[in-house]
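**Student:** Each chain is listed here by its residues.
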Amino acid sequence: MHTPVTVPRKSLYHEYTVYPHTFPSDPAQSNGIVTIVGGGPIGLVASLILAKHGIKNIVLLSEQQVSEGSRGLVYTRRSMEILKVAGVADRIMEKALSWTSGNSFYNGERVFRMDTPVDAQDSYPPLNNLQQNYLETYLVEEAAKQPLIELRWGNHLTSFSQDDNEVTLVVDTPEGEYAYKTPWLIAADGARSGVRQSMGLGMEGNSYEGRFVIVDIRIDLPLPTERLAYFSPDWNPGNTILLHKEPDNIWRFDYQLPAHVSNEEALDLQNITNSVNAQLKMMGYEDKQWELDWYSVYSARALTLPDYVHKRILFAGDSAHMLPIFGVRGANTGFQDVMDLCWKLVANIKGWGSSYLLNSYTNDRVGAAMEIIDEAGKSTRFMAPPTDGFRLLRDATLSLSLKHEFVRPLFHWRTSRAHVYRSSPVNSIGDDNQDMMPDLENGAPVPNLHLSGKQYLYDELALDFNIIYFGNEASLPDSLQNEVNELRTQGVPVKVVVLSSENTVTAGADKTFKVDAQLLQNRYGASQGQVYLVRPDHHICGRWKQYVPGSLENAFQKFIKKSA
Amino acid sequence: MSIDVQSLEKVYDNLSFAIDKLPEEKRSLFLTKLVLLLSNEIKDGEKICSLINEALVFEA
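Residue numbers (the working numbering), protein chains in the order written: chain A, 16 to 579; chain B, 101 to 160.
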């Protein structure tokens with residue numbers, strides 16, 4: 016019998032709700048419903064996006080409350096754009112602390128400062144801090160409003176088996192077990208994924224020696240929301256300390272452990288207290304009172320499954336990959352997974368998408384994970400050098416950084432960003448990709464655009480394929496309209512958005528927005544008649560300098576199911 | 101064209117003195133810093149990497 020803890024978790028800032036467990040009176044009624052195992056941020060966002068697509072789904076949550084401690088903390092602009100689709104972005108932004116600057120300190124001096132540019136055309140700041148328990152609570156409350164979503168608290172997946180058509184699940188609850196069959200199982204059950212382990216799937220990549228203690232304290236520090244990194248301070252020589260400000264006067268201290276210290280020693284309360292005090296003293300805040308909220312130990316790993324699609328089981332988030340925290344690559348990568356996965360899965364469920372399209376989830380997202388592993392390796396070798404050689408180079412760089420400008424870019428902190436699906440199987444072949452603005456290549460996210468007030472282009476794109484047509488003609492070319500109509504009869508959700516420097520209406524278009532000609536030129540290299548084909552996850556998958564009849568059919572034929 | 105002998109001898113002596121002045125545990129760090137500083141002067145990544153490989157060759 017599965018018996019989750021029903022005492023609310025302790026927290027200095029977040030009031031935990033214990034939700035009643037679920038036991039379906041007629042388990043057979045669940046048959047045929049898409050199921051997500053894991054109710055963390057990735058599972059819940061997947062659930063909400065599927066619901067926005069009109070897909071009914073069940074989320075199995077092993078616990079009866081949201082997760083303990085701040086955990087995931089920094090959410091990128093791209094994540095906010097995805098969380099907007101999920102319906103929780105406004106609530107997050109009311110509470111989150113946004114920031115743009117990161118600082119690196121060595122030997123009492125700030126040796127590097129990096130400012131992330133803010134673009135007025137984007138809908139969110141580049142980085143936003145919010146504790147994961149708040150985020151999960153917002154997601155849970157949003158999911159509860161959706162009639163297509165059923166959250167099953169206290170439901171633990173104990174075993175499963177699959178054939179070509181469905182996955183049979185055995186679920187344990189405080190009232191005993193039940194079983195049902197789901198056509199698709201999304202495994203969003205985290206780094207220690209039970210689904211991954213019971214399938215015996217191995218991950219590829221690197222494990223690093225670097226281990227960090229994460230400590231959250233409540234303290235009133237007169238500092239702005241910025242990232243602070245301290246290299247090799249006197250109290251922790253050779254190691255790195257990261258600080259982040261969280262809402263409700265909570266501060267995150269991440270400090271690297273010397274190799275000889277065991278996890279047990281590291282999590283000894285007295286050792287944690289001494290470390291926090293030593294860091295505060297170094298910053299000149301030894302007189303400040305503080306209270307401990309939560310702590311944990313973390314090791315830097317950079318691993319991915321080589322395949323995220325296993326017949327009827329689909330992996331997303333930490334169950335699919337484990338990535339180092341440097342560069343905020345955990346949840347921020349997982350959100351992008353489900354943003355890519357959901358529309359491809361929905362296309363399959365609704366019948367217009369081929370299995371080629373669903374399998375492209377693996378190409379697109381494993382490709383992203385591989386790139387992140389490569390980049391994270393670069394951050395890790397500086398933040399937590401894995402060998403004597405790397406340590407020597409890092410220490411030499413620290414030493415030189417006090418006087419020599421040229422080494423300071425080595426402190427550059429690569430943050431998570433939207434992956435460019437450059438080699439996606441979905442990308443058009445034979446379009447004008449090679450001859451157009453490189454920043455907007457196939458696979459890149461189409462740049463967002465501020466339309467008016469709170470209205471942005473992404474909101475208008477919704478979850479459809481969008482043909483973005485740049486032109487001042489009074490009506491769309493007939494052949495373009497015909498192609499769009501043909502796609503619609505095949506069930507493909509597609510619409511035409513015109514960006515025009517003159518008109519607010521274009522005959523045949525679903526929407527027309529009048530945009531300053533110079534802005535169109537700068538942001539999209541727009542010329543009359545230029546066309547961008549944008550996937551439901553905002554990524555470009557085809558582009559033409561000039562619309563030519565047949566372009567769209569050619570682009571879509573790769574991945575839509577031919578109607579009989 | 102190679103570095104002239106006079107200059108080379110000057111570097112030879114100075115580098116020896118510098119290494120001798122340092123405690124054992126600082127010597128590698130010192131040489132690493134020196135390579136980074138020289139790299140910034142030479143400004144040719146390929147060249148420096150090929151020199152690294154050359155220095156790796158030891159007599160049997």
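Hints listed in this document are in silico derivations from the structure and should not be mistaken for laboratory results.
A portion of the hints provided could be inaccurate.
Claimed, not checked - Looking from chain B toward chain A, a few residues come up when the C-beta cut is under 8 Å (computed):
| id | residue |
| --- | --- |
| 1 | S128 |
| 2 | L129 |
| 3 | T132 |
| 4 | K133 |
| 5 | L136 |
| 6 | N140 |
What the hints assert, rightly or not - The list that follows gives simulated cross-link-like pairs (lysine to aspartate or glutamate, EDC-like), each with its CA atoms no further than 16 Å apart:
| id | chain 1 | residue 1 | chain 2 | residue 2 |
| --- | --- | --- | --- | --- |
| 7 | B | K126 | A | E420 |
| 8 | A | K67 | A | E157 |
| 9 | A | K296 | A | D235 |
| 10 | A | K196 | A | D178 |
| 11 | B | K126 | A | D410 |
| 12 | B | K143 | A | E420 |
| 13 | A | K196 | A | D410 |
| 14 | A | K25 | A | E83 |
| 15 | A | K510 | A | D493 |
C-beta: ideal position from N, C-alpha, C; glycine also.
**Student:** Evaluate each hint against the coordinates.
**Tutor:** Hint by hint, here is what the structure shows:
1. S128: holds (6 Å)
2. L129: holds (6 Å)
3. T132: holds (4 Å)
4. K133: This interface hint holds because 4 Å falls under the 8 Å limit.
5. L136: It holds, given that the least Cβ distance between L136/B and chain A is near 6 Å, below 8 Å.
6. N140: Hint holds; N140/B Cβ to chain A Cβ min 5 Å, cut 8 Å.
7. K126/B / E420/A: violated (22 Å)
8. K67/A / E157/A: holds (12 Å)
9. K296/A / D235/A: holds (14 Å)
10. K196/A / D178/A: holds (11 Å)
11. K126/B / D410/A: holds (11 Å)
12. K143/B / E420/A: holds (14 Å)
13. K196/A / D410/A: Not satisfied, since the Cα-Cα distance of roughly 56 Å exceeds 16 Å.
14. K25/A / E83/A: holds (8 Å)
15. K510/A / D493/A: holds (15 Å)
When each numbered hint is compared with the structure, violations occur for hints 7, 13.
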